[in-house]
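Q: Residues per chain, in single letters:
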Amino acid sequence: MYKKVYALLLFLSCWFAGLSVHAQDNTGQLRTVDSASAQRIEMADQLRANGKIYVVVTVVIIILLGLILYVVRLDRKIARLEKDAQK
Amino acid sequence: MLRQNWWKILCVVLLLYTFVAGFLGPVPARPILNETIRNYYFHIAMWFSMMIFFIISLVYSIKYLRGNDHIFDIYALEYAKTGIVFGMLGLATGSAWAGFTWGAFWSNDPKQLGAVVALLIYLAYMVLRNSMTDVDKRARVGAVYNIFAFAMLFPTIWIIPRMVESLHPGGAGNPAINADGRIRIVFWPGALPGWTLLGVWITTLRIRLQLLSEQRHHH
Numbered sequence: 000m001y002k003k004v005y006a007l008l009l010f011l012s013c014w015f016a017g018l019s020v021h022a023q024d025n026t027g028q029l030r031t032v033d034s035a036s037a038q039r040i041e042m043a044d045q046l047r048a049n050g051k052i053y054v055v056v057t058v059v060i061i062i063l064l065g066l067i068l069y070v071v072r073l074d075r076k077i078a079r080l081e082k083d084a085q086k
Numbered sequence: 000m001l002r003q004n005w006w007k008i009l010c011v012v013l014l015l016y017t018f019v020a021g022f023l024g025p026v027p028a029r030p031i032l033n034e035t036i037r038n039y040y041f042h043i044a045m046w047f048s049m050m051i052f053f054i055i056s057l058v059y060s061i062k063y064l065r066g067n068d069h070i071f072d073i074y075a076l077e078y079a080k081t082g083i084v085f086g087m088l089g090l091a092t093g094s095a096w097a098g099f100t101w102g103a104f105w106s107n108d109p110k111q112l113g114a115v116v117a118l119l120i121y122l123a124y125m126v127l128r129n130s131m132t133d134v135d136k137r138a139r140v141g142a143v144y145n146i147f148a149f150a151m152l153f154p155t156i157w158i159i160p161r162m163v164e165s166l167h168p169g170g171a172g173n174p175a176i177n178a179d180g181r182i183r184i185v186f187w188p189g190a191l192p193g194w195t196l197l198g199v200w201i202t203t204l205r206i207r208l209q210l211l212s213e214q215r216h217h218h
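As given, the protein sequences belong to chains A and B, one line each in that order.
Quick note on numbering that gives the first Met the number 0: the first sequence kicks off at 0 and runs consecutively.
Quick note on numbering that gives the first Met the number 0: the second sequence kicks off at 0 and runs consecutively.
Certain hints may be false.
Quick list of the computed label-pair ranges, beta carbon to beta carbon [unchecked claim]: (1) B/126 <-> A/72: 30 to 38 Å; (2) A/43 <-> B/58: 36 to 44 Å; (3) A/72 <-> B/30: 38 to 46 Å; (4) A/83 <-> B/140: 30 to 38 Å; (5) B/126 <-> A/76: 26 to 34 Å; (6) A/62 <-> B/104: 17 to 25 Å; (7) A/65 <-> B/214: 29 to 37 Å; (8) A/76 <-> B/100: 36 to 44 Å; (9) B/140 <-> A/73: 29 to 37 Å; (10) B/69 <-> A/43: 50 to 58 Å; (11) B/67 <-> A/43: 51 to 59 Å; (12) B/107 <-> A/83: 47 to 55 Å.
Covered stretches of chain B (in silico footprint by chain A; criterion: 3 or more residues with CB under 8 Å from a CB of chain A, positions within the stretch not fixed) [as the list claims (entries may be wrong)]: (13) 5 to 16; (14) 19 to 25; (15) 75 to 82; (16) 200 to 213.
Straight-line C-alpha distance at most 20 Å; calculated EDC-like pairs for lysine to aspartate or glutamate [what the hints assert, rightly or not]: (17) B/110 <-> B/164; (18) B/80 <-> B/213; (19) A/51 <-> B/34; (20) A/86 <-> B/34; (21) B/136 <-> B/68; (22) A/51 <-> A/41; (23) B/136 <-> B/213; (24) B/7 <-> A/81; (25) B/7 <-> A/41; (26) A/82 <-> B/34; (27) B/62 <-> B/135; (28) B/80 <-> A/74; (29) A/76 <-> B/213.
Since the hints were made in silico from the structure, they are not lab data.
Where a beta carbon is used, it is the ideal one built from N, C-alpha and C, also for glycine.
Looking at chain A on its own, in the form it has when it is part of the complex (with noise of 0.2 Å):
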């Protein structure tokens, strides 16, 4: 069971990397537009260009992981003290 979700999450990741390069060249082509329209309105562009916006991204996904394996934790804790009262 766990090795099939570990398979799944493996995979997911990677399709994401994947869909956030996708969406970066999307990003520039769109912002070309937006930036004709509003020429005035700052965005983080150059953030983004420079790769830096992964960095935080990489951060939030790292406390979002570890809140959600906390949360397994206790899931599985819970479970025990469960089967535990069922005997």
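Assemble chain B onto chain A, guided by the hints.
A: The following block gives chain B in isolation, referenced to the frame of chain A:
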């Protein structure tokens, strides 16, 4: 549902999508908002899922009143609690967002005030329950009050803030953010179900703990 795993995996996947696409995906360029428009996937999702939890709580309260099954009372209580937590997160994130866009962390905006009143009404649900020692009475009065608390969401969150001028988008002359397809594609399939499932997950854990502790009490 209570002890299955597939929707928990789905929850993680949707949240990952929300965070990756939410930070890196294209968003409309708007004055004042700038990149903070991405808060839509987080701040608005809190409020939206809070409402879903309150609706679930309402349904279980009605179920309790129809059949007097004690477990429905636990469900109603725990979903209301999770709703309150998400509502408070919505309030805190909204305040932080407003501080850097509207220029003040709190500006007595009708939607802000309405949300606070609604949350206070739900907090009173907890106070009311804890003021009674008789389990059946507590469940019954609690369920009736929970229905009233839900009814109060209509004026405080859904009607009054829309009738008066608000700093929030979606009001008169203030276009709603979610009209943009680039926002919708992350919010509806990703952020909303992702955050909601996380809340449901945590709630089911609390319900299971509550059931366990009651079981222990009986032995």
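Q: Now tell me if each hint is right for this structure.
A: Do the hints match the structure? See the list:
no., hint, in the structure
1, B/126 <-> A/72: 30 to 38 Å, "holds (32 Å)"
2, A/43 <-> B/58: 36 to 44 Å, "holds (42 Å)"
3, A/72 <-> B/30: 38 to 46 Å, "holds (45 Å)"
4, A/83 <-> B/140: 30 to 38 Å, "holds (34 Å)"
5, B/126 <-> A/76: 26 to 34 Å, "holds (30 Å)"
6, A/62 <-> B/104: 17 to 25 Å, "holds (23 Å)"
7, A/65 <-> B/214: 29 to 37 Å, "holds (31 Å)"
8, A/76 <-> B/100: 36 to 44 Å, "holds (41 Å)"
9, B/140 <-> A/73: 29 to 37 Å, "holds (31 Å)"
10, B/69 <-> A/43: 50 to 58 Å, "holds (52 Å)"
11, B/67 <-> A/43: 51 to 59 Å, "holds (56 Å)"
12, B/107 <-> A/83: 47 to 55 Å, "holds (52 Å)"
13, 5 to 16, "holds (count 7)"
14, 19 to 25, "holds (count 6)"
15, 75 to 82, "violated (count 0)"
16, 200 to 213, "holds (count 6)"
17, B/110 <-> B/164, "holds (10 Å)"
18, B/80 <-> B/213, "holds (18 Å)"
19, A/51 <-> B/34, "holds (15 Å)"
20, A/86 <-> B/34, "violated (55 Å)"
21, B/136 <-> B/68, "holds (13 Å)"
22, A/51 <-> A/41, "holds (17 Å)"
23, B/136 <-> B/213, "holds (17 Å)"
24, B/7 <-> A/81, "holds (19 Å)"
25, B/7 <-> A/41, "violated (38 Å)"
26, A/82 <-> B/34, "violated (48 Å)"
27, B/62 <-> B/135, "holds (14 Å)"
28, B/80 <-> A/74, "holds (18 Å)"
29, A/76 <-> B/213, "holds (17 Å)"
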